[in-house]
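**Student:** Which chain is which? The protein sequence lines are A and B, in order. Residue numbers for the first sequence follow numbering that gives the first Met the number 0, beginning at 0 and rising by one. Residue numbers for the second sequence follow numbering that gives the first Met the number 0, beginning at 0 and rising by one.
Heads up, some of the hints might be wrong.
Claimed, not checked - Chain B side only, calculated, beta carbon under 10 Å to chain A, not exhaustive: (1) T24; (2) A25; (3) V71; (4) D76.
Because the hints were derived from the structure by calculation, they are not lab data. Cβ atoms here follow ideal geometry from the backbone N, Cα and C, with glycine treated the same way.
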Amino acid sequence: MIKTDKVLDAKGLACPMPIVKTKKAIGEVEPGQVLEIQATDKGSTADLQAWAKSTGHQYLGTKEEGDVLKHYLRKASEAETKEESSYPHVINNDELKTKLGNEDIVVLDVREPAEYAFSRIPGAKSIPLGELEERMSELNEEDNIHVVCRTGNRSDRAAQILSEKGYKNVLNVVPGMSEWDGETEND
Amino acid sequence: MARKVAIIASNGSLFDAYKVFNVATAAAASDSEVAIFFTFEGLNLIHKEGHKQLPIPEGKEHYEEGFKNSNVPSIPDLVEMAKELDVKLIGCQMTMDVMGLEKEHFVDGIDVGGAVTFLDFAENADVTLTF
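Kindly produce the complete structure, drawing on both the sequences and the hints.
**Tutor:** Right, dumping it as C-alpha cells:
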C-alpha cells in the first residue's frame with residue numbers, strides 16, 4: 000500500500016473518462032499531495048503520462064494489481080518550479096554518487112511516500128517533509144545527513160529545519176532525484 | 000498559454016460523435032482551450048433530439064454491443080461533459096439556415112456563428128482536426 004492523499008475510482012470507465020475524472024480530482028487535492036487513480040482502461044497508463052506532461056503535474060508511476068491499474072500523480076506546486084535555495088551547504092548529484100558506498104552517510108529522502116516507492120537512491124531513508132519535525136528523533140545529531148527530494152526545494156527546507164534543531168552535518172543534494180542518473184531501487 | 004484545439008465536425012453518425020467528443024473532452028481535461036465547429040451533418044451531434052439517437056453507419060450495427068460492453072459514456076453524457084469543461088460549441092449559421100433550424104433546436108449553451116467565427120479561433124490553434 001502506497002500512502003496517498005486521495006483515491007479516484009475510475010474502474011470500468013472507458014476513454015476519455017479516466018482523464019476527465021482525473022482533471023476534476025486533481026482540483027480537489029492540495030499542491031504537493033498525491034492522487035491515486037484506479038482504472039481498468041488499458042490506455043490510461045499512456046494517457047495519464049501524456050496528461051501529466053501537458054498539465055505540469057508529476058506522474059510518479061503505475062502499479063498493476065490484477066485487472067486494476069493504480070496510477071500515482073503528484074499535484075504540482077508553484078514553489079517547486081522556482082529555483083530558490085537558502086540553505087548554504089549543498090552537494091551536487093555527482094558528488095553524492097561518489098560518496099555512496101565509500102563514506103558513512105545517511106541519505107534522507109523527504110519526498111512523498113509514493114515518490115519514494117517508485118524510485119529512490121538505494122538505502123535512502125524516507126521521512127516526508129511534512130513528517131520531519133515529529134520523526135526527527137529517528138536521526139542522530141551526529142549523522143552525516145544528505146537530504147534529497149525531486150528538485151532541491153523540499154530538501155532545502157528540510158535541511159534548514161534540521162540545522163535549526165542542532166543537526167551539525169547536513170547537506171542539501173541539488174538538484175536531486177529529477178536528474179539522478181545513479182543507481183535506484185523501488186518497492 | 001493554454002494549447003488551443005480547433006475541431007470541425009461535419010459528419011453525423013454515432014462514430015463521428017465519439018471521435019469528436021472524445022478528443023474534445025480529453026483535450027479540455029488536459030487544460031487545452033477547445034472549440035468545435037458543427038457544420039452540415041455534424042449539426043446532428045448537438046441537435047437536441049438528434050444527438051440522443053445518432054445512427055450507427057450501415058453494416059456496422061454489430062458494434063452496438065461493443066459500445067455497451069466497453070462501458071463507453073453516452074453521447075449526451077459526453078456533450079454535458081464537454082460543456083462542463085468549457086468546450087466551445089459553435090453551430091454553423093449557414094447550415095442551420097439551409098436546414099431551417101434555429102438555435103433552440105440544439106442543446107443549450109451553444110454559440111452560433113459563421114465560418115469566420117471559427118476561423119478566428121482556429122487561426123492560432125495548435126491542433127486542428129476535421130471529422
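**Student:** Which of the stated hints cannot be reconciled with the structure, identified by number in ascending sequence?
**Tutor:** none
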